[in-house]
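Participant: Each protein sequence line maps, in turn, to chains A and B. Numbering of the first sequence is given in our numbering, commencing with residue 1 and proceeding in unit increments. Numbering of the second sequence is given in our numbering, commencing with residue 1 and proceeding in unit increments.
Hints may be right or wrong, so weigh each one.
Heads up, simulated DMTMM-like pairs for lysine to aspartate or glutamate below, C-alpha to C-alpha not over 20 Å straight-line [claimed, not checked]: (1) A/LYS277 to A/GLU202; (2) A/LYS31 to A/GLU229; (3) A/LYS203 to A/GLU175; (4) B/LYS23 to A/GLU202; (5) B/LYS31 to A/GLU312; (6) A/LYS209 to B/ASP97; (7) B/LYS203 to B/GLU148; (8) B/LYS225 to A/GLU229; (9) B/LYS212 to A/GLU75; (10) B/LYS124 to B/ASP155; (11) A/LYS74 to B/GLU95; (12) B/LYS212 to A/ASP97; (13) A/LYS226 to B/GLU95; (14) B/LYS23 to A/ASP246; (15) B/LYS74 to A/ASP97; (16) A/LYS314 to A/GLU348; (17) A/LYS23 to B/ASP155; (18) B/LYS357 to B/ASP246; (19) A/LYS19 to B/GLU15; (20) B/LYS19 to A/GLU15; (21) A/LYS23 to B/GLU15; (22) A/LYS226 to A/GLU202; (23) A/LYS31 to B/ASP327; (24) A/LYS98 to B/GLU99.
For the chain B half of the interface with chain A, some residues (derived, Cβ under 8 Å), not all of them [claimed, not checked]: (25) GLU66; (26) ALA238; (27) SER240.
Treat the hints as calculated values from the structure; they're not laboratory data. Every residue gets a Cβ at the ideal spot worked out from N, C-alpha and C, and that includes glycine.
Listed below, chain by chain, are the residues.
Protein chains: 2
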Amino acid sequence: MGRLLFNPGPTEVREEVLKAQVKPMISHRGKEFQTLYEGIIEKTKRVLNTKNHVVIFTSSATGVMEGTIRNCVKERALGTACGSFSERWFKLVGECDKEGDVISVEWGQAIKPEMIDEKLKTGKYDTILVTYNETSTGVLNPIPEIGEVMKKYPDVIFAVDAVSAMVGAPLKIEEWGIDVVFASVQKCFALPPGLTVTVISEKAYERAKTVKGRGHYFDFVAYIKKYEESKETPATPAVSLLYAIDFQLDRILNEGIENRIKKHQEMSKISQEWAIKREFGMFPEKGYWSPTVSVINNPKGYSIPDLNKQLEAKGYRIANGYGKLKDITFRIGHMGDLTPQETKGLFEAIDEIWGLK
Amino acid sequence: MGRLLFNPGPTEVREEVLKAQVKPMISHRGKEFQTLYEGIIEKTKRVLNTKNHVVIFTSSATGVMEGTIRNCVKERALGTACGSFSERWFKLVGECDKEGDVISVEWGQAIKPEMIDEKLKTGKYDTILVTYNETSTGVLNPIPEIGEVMKKYPDVIFAVDAVSAMVGAPLKIEEWGIDVVFASVQKCFALPPGLTVTVISEKAYERAKTVKGRGHYFDFVAYIKKYEESKETPATPAVSLLYAIDFQLDRILNEGIENRIKKHQEMSKISQEWAIKREFGMFPEKGYWSPTVSVINNPKGYSIPDLNKQLEAKGYRIANGYGKLKDITFRIGHMGDLTPQETKGLFEAIDEIWGLK
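Make the full structure from the sequences, and use the hints.
Facilitator: As structure tokens, this is what we get:
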């Protein structure tokens, strides 16, 4: 096929990373596996500069969104909805038969720290769910500022969906006071989907121990204990995907996490400047533009499926707007192993197709 | 490494199957994916000769064991414990904060239909959990006979863990009245782990619609609806593992499911005859010996880790006994793409190492 995926996930996976999946199977009980898995956990801690517990779940991030609710919410959760994925996370609270309320802002707006402060003041909530980078709107929520507010509420679990942000946007887990943060690997990790990297603070671990009905597959306590006992996972993991993440973590360490984040900034600058110069305009509120997913207005109502058909021939693919933004925006995921050079190439191709030069 | 995995999962995966994972990523929203996924579902239905709903979850079977409880159990579940995995399935009922009771037999014994009849007569249960092939003891439970009993209880959901049985042992889903049956793919499907094939009857689907707190990641209703609407999955699936199962289903259809089941019978016969001839003896109750996993007594107390070290050099690996059977049994998983010829080779190697010829 030979096209570059500028989808906001699944993103482009380099051939050498795909090939890293191909190794003979090993038992997930025993020395060989333990060495592999411990290596992955330790490298992830280095990449994320964290001392918290790290678990790799075999699931999409949706599973860990649910797991976070099942492990952390005792009485009542506070959701924060600013787009499709944050809305869905809150919806999961009810689907898990738990109670909650939600702060909602217009799609394209960011969640502000003072909104959260006002709600938490009531003392009704034991867990707050915040989406770092809302993939449907291209908004990067102000997690460091929200983290400042959270310092006033030491009993509340601060859970962050960093699906399309981790290893693409800055993330200071302990400094920002984040208790649970996770990302599926088909975004900025640039891997095939199927795993979710999850970082759990001691506080969240202690909370989970007190919550009933956590189940098993996403039980934080069981995973942390099993790792401490034997460097294994309670359930059988996706071994070939672990081979790939092991390989990719080495590549990320080699690139340097600071460089990787800077590269995402550069790619987003290219996208933003293009959107402004060509008078499309960016969809999200100013000051909150994502470094990993640019959601660009589509004021002239171009057909994105038609664009994709023509991009295909030039070796690229992008995404239409999400949900209710389907026709009025389009989305460029500039993530993972994609480069500023490739991003420039994409926009040159779009210019040519739309005759914008 | 070049050794054949006779573990009772993960089993040996052929190199061409491993390589099928390596294809460029595609979006899980769109035509390309829909064609892939629909093909997999349709081929699975052909392989299993079923018209029920088929869902491929990105998870180990443990996730679907939990999902079955969350989707099906309304008031009270009946578990059936005859080894480690069936015990754990029942334990999950409590971990999901649901109620249940359990029929327990000695490890090595089978669950008999009359035991179930006696419990179900009380009318207390809405779901029954039965393990077809108990991987820890090598017992194949009499699912067809249990299915006969279940006909008397049309309101009870009949859920079957077929993890180490599906496409290795006979399985007549509709004829035996099974409502939920699942298997992870690293057993008789001979694939890398990370997916669980799940077959759900209309009755189980209707039941799920009435159960609260199903969550999302294993919500049968959401998966079935999404498939009917768009041939997609609600959460991002492990695309590279789907490439592999698509490839492997073609291989299985090509082999013929009857031939594949016959091959498993032949491999188990080789194992059983060896165990008897060499005066080790089979661990499970007579009449219930598994066609996929032979659990063999170890009366002379041979060290299985030592055996494995020597087998390694000859290109094989087997497993020690499970849990409390660790030292008194050993386990040969003769599953998936392994052949009778390779099974003979394994026993010749064991004979040589232990000087049994």
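Participant: Evaluate each hint against the coordinates.
Facilitator: Okay, the hints, checked on the actual structure:
no. : hint                 : in the structure
1   : A/LYS277 to A/GLU202 : violated, 47 Å
2   : A/LYS31 to A/GLU229  : holds, 13 Å
3   : A/LYS203 to A/GLU175 : holds, 14 Å
4   : B/LYS23 to A/GLU202  : violated, 39 Å
5   : B/LYS31 to A/GLU312  : holds, 14 Å
6   : A/LYS209 to B/ASP97  : holds, 14 Å
7   : B/LYS203 to B/GLU148 : holds, 17 Å
8   : B/LYS225 to A/GLU229 : violated, 40 Å
9   : B/LYS212 to A/GLU75  : holds, 17 Å
10  : B/LYS124 to B/ASP155 : holds, 11 Å
11  : A/LYS74 to B/GLU95   : holds, 15 Å
12  : B/LYS212 to A/ASP97  : holds, 7 Å
13  : A/LYS226 to B/GLU95  : holds, 16 Å
14  : B/LYS23 to A/ASP246  : holds, 19 Å
15  : B/LYS74 to A/ASP97   : holds, 13 Å
16  : A/LYS314 to A/GLU348 : holds, 10 Å
17  : A/LYS23 to B/ASP155  : violated, 46 Å
18  : B/LYS357 to B/ASP246 : violated, 43 Å
19  : A/LYS19 to B/GLU15   : holds, 12 Å
20  : B/LYS19 to A/GLU15   : holds, 12 Å
21  : A/LYS23 to B/GLU15   : holds, 8 Å
22  : A/LYS226 to A/GLU202 : holds, 16 Å
23  : A/LYS31 to B/ASP327  : holds, 18 Å
24  : A/LYS98 to B/GLU99   : holds, 18 Å
25  : GLU66                : holds, 5 Å
26  : ALA238               : holds, 3 Å
27  : SER240               : holds, 4 Å
When the structure is compared with the earlier hints, violations turn up for hints 1, 4, 8, 17 and 18 and for no others.
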